[in-house]
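Participant: Next come the chains, spelled out residue by residue.
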Amino acid sequence: MNSVHDMGGMDGFGKVEVEQNEPPFHARWEGRVLAMQRAMGYAGAWHIDHSRFAQEQLPPLIYLAASYYQRWELAMEHNLLQRGYVAPEELAAGHALRPAKPLNRKLTLDAVPGSMMRSSFFRQQQGPARFKPGDRVRTKNINPATHTRLPRYARDKLGVVELIHGCHAYPDSVATDRGDDPQWLYTVVFDGQEIWGADADPTLKISIDAFEPYLEPA
Amino acid sequence: MATHDHDHHDEHGSELSETQLRVRALETILTEKGYIDPAALDAIVETYETKIGPRNGALVVAKAWTDPAFRQALLEDATKAVATLGHESRVGDHLVAVENTPQRHNMIVCTLCSCYPWEVLGLPPIWYKSAPYRSRAVKDPRGVLADFGVTLPKETEIRVWDSTAETRFLVLPMRPAGTEGWSEERLADLVTRDSMVGTGLARKPGEIAQ
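Sequence order for the protein chains is Z and Y.
Those letters in the first sequence? Residues 460 to 677, per our numbering, in order.
Those letters in the second sequence? Residues 1418 to 1627, per our numbering, in order.
Among the clues, some could well be false.
Simulated pairs of lysine-lysine, BS3-like, Cα-Cα distance not exceeding 27 Å [what the hints assert, rightly or not]:
id, chain 1, residue 1, chain 2, residue 2
1, Y, Lys1480, Y, Lys1497
2, Y, Lys1546, Z, Lys616
3, Z, Lys474, Y, Lys1571
4, Y, Lys1468, Y, Lys1497
5, Z, Lys591, Y, Lys1497
6, Z, Lys565, Y, Lys1571
7, Z, Lys565, Y, Lys1468
8, Y, Lys1468, Z, Lys474
9, Y, Lys1468, Z, Lys616
What the hints contain is simulated information worked out from the structure, not anything from laboratory work.
Could you put together the complete structure from these sequences and hints?
Facilitator: So this is what it looks like as structure tokens:
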């Protein structure tokens, strides 16, 4: 969806400010949010793409004003409510008032070490890869109102396939509960001038990781 | 101006309090419903506070600097190569290492959210997740580098990797001169987090305490 989360190339946000000796968390609640999110993901309540999509659906002014972990928290509330794990009156009361909805499993203390490794996104291929490294491709001009991982700045642009990463779960499908719909994934590289025009830095090259449905031969 | 700053901090403080309350309520609800175990949450937080950080990545880089076969393996399949090191935090399937050379400088960003190689670098810093970095890295990477005090030769190719899928990227910075014969441990002290994201360079020998 075309909202403020898709920030590549926007102007006006100012300089990058670096905090020296930054701690892992700036407040205790940040760690709790991260860990709750991890536990609910482990339990199979939703997929990481649902979390991303929920953040993208925050009203733009809220998205921009919220901190990183505030966005996580708001997205978690969205998914808990939307998927029926928590009822609105429970959020208002601050306590459980209804029976729980069954989950696949629960993250217990002894399972934590094993849960620290990211799960694999490889999926069984549904057919041969359409492109190979060196192929010229054009990204499609798509503007879905739902989750996509093709940024606006890289739509309808000429690029070259550089790497092929295998067949992966397709976020555009997963985020909208249409299943994994596995797709080949490629690193596609663009000249900076193809993206930003003739005035762009001639030494700039930009790549995205593009799922096969984003691409057509060029 | 001082008054304005004061007001701003007060406002910020009360927003955080509201968030604290929301988060506490959420943890209570999820615990009461049996979805989560607070002890497991403690362990996750502690792992990120004490065990997983940029030192993991720095040791990978230092090994690549001293062991040509490992460097080759890392560039061919970073997931597999890092797994051979037996780190506490193993990495998922989709790690890619990209090498800086005198001709090319690599920089990593996630313009759409904040994807970052947690397993080798720990939690991302605030600047990496911020709008200024996410918006400018793909359009004006030299300007971003200037914010970090880094200037590269005009002719160096700047390659920006936007992490738009589950692939995660680790920059293999250039080894500083004057470090011949150094141990991996000592070399790792030169490898900063920013040098592995591409917003910095590895430290020179004179830049660390002896």
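Participant: State for each hint whether it applies.
Facilitator: Comparing the hints with the structure gives:
Distance restraint check for Y/Lys1480 and Y/Lys1497: the Cα-Cα separation of roughly 14 Å lies within the 27 Å cut-off, and the hinted pair is therefore satisfied. Annotation: proposed proximity of Y/Lys1546 to Z/Lys616 holds, straight-line Cα distance about 26 Å (limit 27 Å). With a CA separation close to 21 Å, the supplied pair Z/Lys474 and Y/Lys1571 stays within the 27 Å bound. Of the supplied pair hints, the one linking Y/Lys1468 and Y/Lys1497 holds, its CA atoms being roughly 21 Å apart against a limit of 27 Å.
A hinted pair counts as satisfied when its Cα atoms are at most 27 Å apart, and Z/Lys591 with Y/Lys1497 qualifies at roughly 22 Å. Proximity of Z/Lys565 to Y/Lys1571 is assessed by CA-CA distance (about 54 Å); at most 27 Å being required, the pair is judged violated. The straight-line distance between the Cα atoms of Z/Lys565 and Y/Lys1468 is roughly 23 Å, inside the 27 Å bound, and the hint therefore holds. Taken as a hint, the Y/Lys1468 and Z/Lys474 pair is broken in the structure, with Cα atoms around 31 Å apart against an allowance of 27 Å.
For a cut-off of 27 Å, the pair hint linking Y/Lys1468 to Z/Lys616 is broken: about 42 Å separates their Cα positions.
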